[in-house]
Amino acid sequence: MFASKSRRVFTIFVLTLIVAISSVGLSSAQEQVTIYGMVNDAFARIWLENLVPAFNEKYPNIEVVIDPVPYGELLPKQLLELTSGAPSYDFIVTDDPWLPQLAATGLLMDLKTDLADVTDPDYNWDDFAPGALAAGEWNGGQYSVPVRSNLLLMFYNRTLFEEAGLEEPGEGYSWDDLAADLPQLVRDTDGDGTDDVWGIATYFGRDPLTPTIWQAIFNSNGGQLFDAELNPTFNTPEGIEALQYHIDLAQYGPPGVSAYTFTDTLEAFRQGRVAVMFNWGSVYHGVAINPETTSLTAEQVGVAPLPGGSAVDSSSHRGIWTAAIPREAANPEAAWTFIQWMTSQEGEVFTSATVGQFPARISTLTGEAPQDWLVDVFAAINAGYDAIGQGDMWRPRLPDSDGVQQILALHHSRAMTGDVTPEQALADAEAEIIEFLTDKGYYD
Amino acid sequence: MTRLEALGGQTSKVTAPRRNLRRVFEPYVFILPTVIILITLLIYPLFYTLQASLSNFDTFTFSPATFAGFRHYERVLQDNNFWSSVRVTAAYLLAALPLQLALGVSIAFLISVQWPGSKIVRALFIIPMVVTPVVAGSMWKMLLDPLWGYVNYLLTLIGGKPVLWLADTNLALISVVIIDTWRWTPFIILIILAGIVSLDPEPVEAAKVDGANWLQRFVYVILPMLRPVILSAFLVRWLGAIKMFDIIYTATGGGPGNATEVINMYIYDTAFRSLSFERASAMSVLMVLAAFAFTFLFIRFSHWVER
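For the record, the sequence lines run as chains A and B. Each residue of the first sequence is one higher than the one before, starting from -5 at the first, in the working numbering. Each residue of the second sequence is one higher than the one before, starting from 24 at the first, in the working numbering.
Where hints are given, some of them may not hold.
Unchecked claim - Covered stretches of chain A (chain B as the covering partner; in silico rule of three or more C-beta atoms under 8 Å from a C-beta of chain B):
id: 1; segment: 64 to 71
id: 2; segment: 133 to 139
id: 3; segment: 167 to 175
id: 4; segment: 373 to 386
id: 5; segment: 390 to 401
Please keep in mind that the hints were generated in silico from the structure rather than gathered at the bench. These numbers come from a predicted model, not from an experiment. Ideal Cβ positions, reconstructed from N, Cα and C, are used throughout, including at glycine.
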């Protein structure tokens, strides 16, 4: 009798324990929860329409609410969100250069350690391309994970290269090769005496992303913006030469190219008016596949990393959106479930095929591409990641990265418009950056 | 004995001070909600900006931290980019305001006369005003595009060459002034038109009887009578123009170089891109003081002219 009672108590205890353990470990999979995310409006709608429904097929108990925020307001809002003391969001999606600033607040979870207990055992961190995963690292912690990988790529119009009698860019294509090709790509195709197709379109106008082109040229020739002590190292003959090269490229662009940023560049290429475009890889679908947004076809559009310099065979620049979880988030486990699914190989294959966003996992990039058109793209991204890793091709990894980029953008633009020489522009930028970083307490 | 005392003096002696007290405080109770709203929405942000400009702003806690004195003001006054943005702002104001005022007064005079379709034309003038600045900036950016913009297309039709409206450092600010003028001249037109309609017709009729032609009537009779209206329109437009930001943000981003970087654009970049909120606050305070000083001068001038 006593033995039977004690067995019953023991059974109840074990059952209670099982339920308790399940509710801790699987709460995100079984309880009905709503998670809130702050996402750039450029892709928030696509996520809501495609990504969230696919996620909910597997995890119907997690409702995902996405709040679209314009790019210009995103960083201040994310900082306010973290420092408010009571975050309203369970995850935030942040741009590459902002992560150090957000992580430095100490208010983001270290995904590898803080959430280790609720991480899927099959979630393979080592499968991420190191250069891509580094976008979420800060001071040895992994505060975010790549959800929308992006990098600068070279898009080229095969038809225009062929019509100009040129070979299309292949492996080992260098900045010198590009300089030799560009004059021949500017042509008058209808014989009316004015040029109507041009060599190149890319960032030339005043924009924080314009210096990334100069940085790619500079990095591929062995240059770096800063040394280990954060002293600027770009005001050198190599830096000046790279800037002059970027300025000279504008000679081969359409009228007004010196003011081009993201959209103008895209338009010129999509309408078949320029032979080469340097832009973010994520535009590929809209440039080569979607007939509603482009006059070109996948057969016409070649894609590769940016040309190489004296230090590396090709170049690029990293621009990866990563997802992070605030330390005080209401539902960190559910948010992490969503992010894990999105960044798993299964999620990456889905997002590549449907949302047009690029993967960061080596297994996804080297595996079977989910769409035919992604074969060339994955190859270009893979090569781009290699270049990025070899040449440290990213914006400065410091909490005030945006401030530095802003100064570079201003002085780059002054050189581009001829207000000052490249030498003067870099000297001014160097002086201002030192002053800015001193003011921010970076130097003793 | 007063009538009140006769009716029961004891009570009235007690309530009189209370009634006086109530009379003193009652108005304040009624205006209290407005005062609270004003303090919350107007005065607190101003003081917060002042506090931020005198502090070292901690971006990790997103709040003013230690007291910094006037250090940020010194830095701002030594900042070449700040002075460059002040020069650009001054150039924009000196070009845009007189142009909009001259065009507004002239067009208002022309359409004040009734002719077939004049009401439709008046209605059309409202359109630019209701277009949001961001849309206006983007729309004009497309129209002025050197490659496929309609303006350059029209230029080439009459034998001209494509013009780099927004990419040329010498033309970019002029282009911004054109966009701003397109957007805000109708506002001046409407104010002046309302002024013309409400004018006493007798002096104009008398001038006509005296043999004054339409130009003389306009210059010597209508314009002097419209002076207070014109000055009011100028004041309102001035207060809007010193806040110029959105059209430039969408059309040029402050470039090329810093050719169109007005002070508000520079403050925005300093605050939200460089995250130097203390310097941006210092610039904002200086900007408010300058705007206040100029507005005060314009109001004094307007009173002097009216006298």
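Each hint, compared with the structure:
With 4 residues having a beta carbon nearer than 8 Å to a beta carbon of chain B, the segment 64 to 71 of chain A meets the requirement of three or more and the stated coverage holds. With 0 residues having a Cβ less than 8 Å from any Cβ of chain B, the segment 133 to 139 of chain A misses the three-residue criterion, and the hint is violated. Note: the segment 167 to 175 of chain A has 0 residues with beta-carbon separation from chain B under 8 Å; the three-residue rule is not met and the coverage is violated. With 0 residues having a Cβ less than 8 Å from any Cβ of chain B, the segment 373 to 386 of chain A misses the three-residue criterion, and the hint is violated.
Interface restraint, the segment 390 to 401 of chain A with chain B: holds (7 residues with C-beta to C-beta distance below 8 Å; minimum three).
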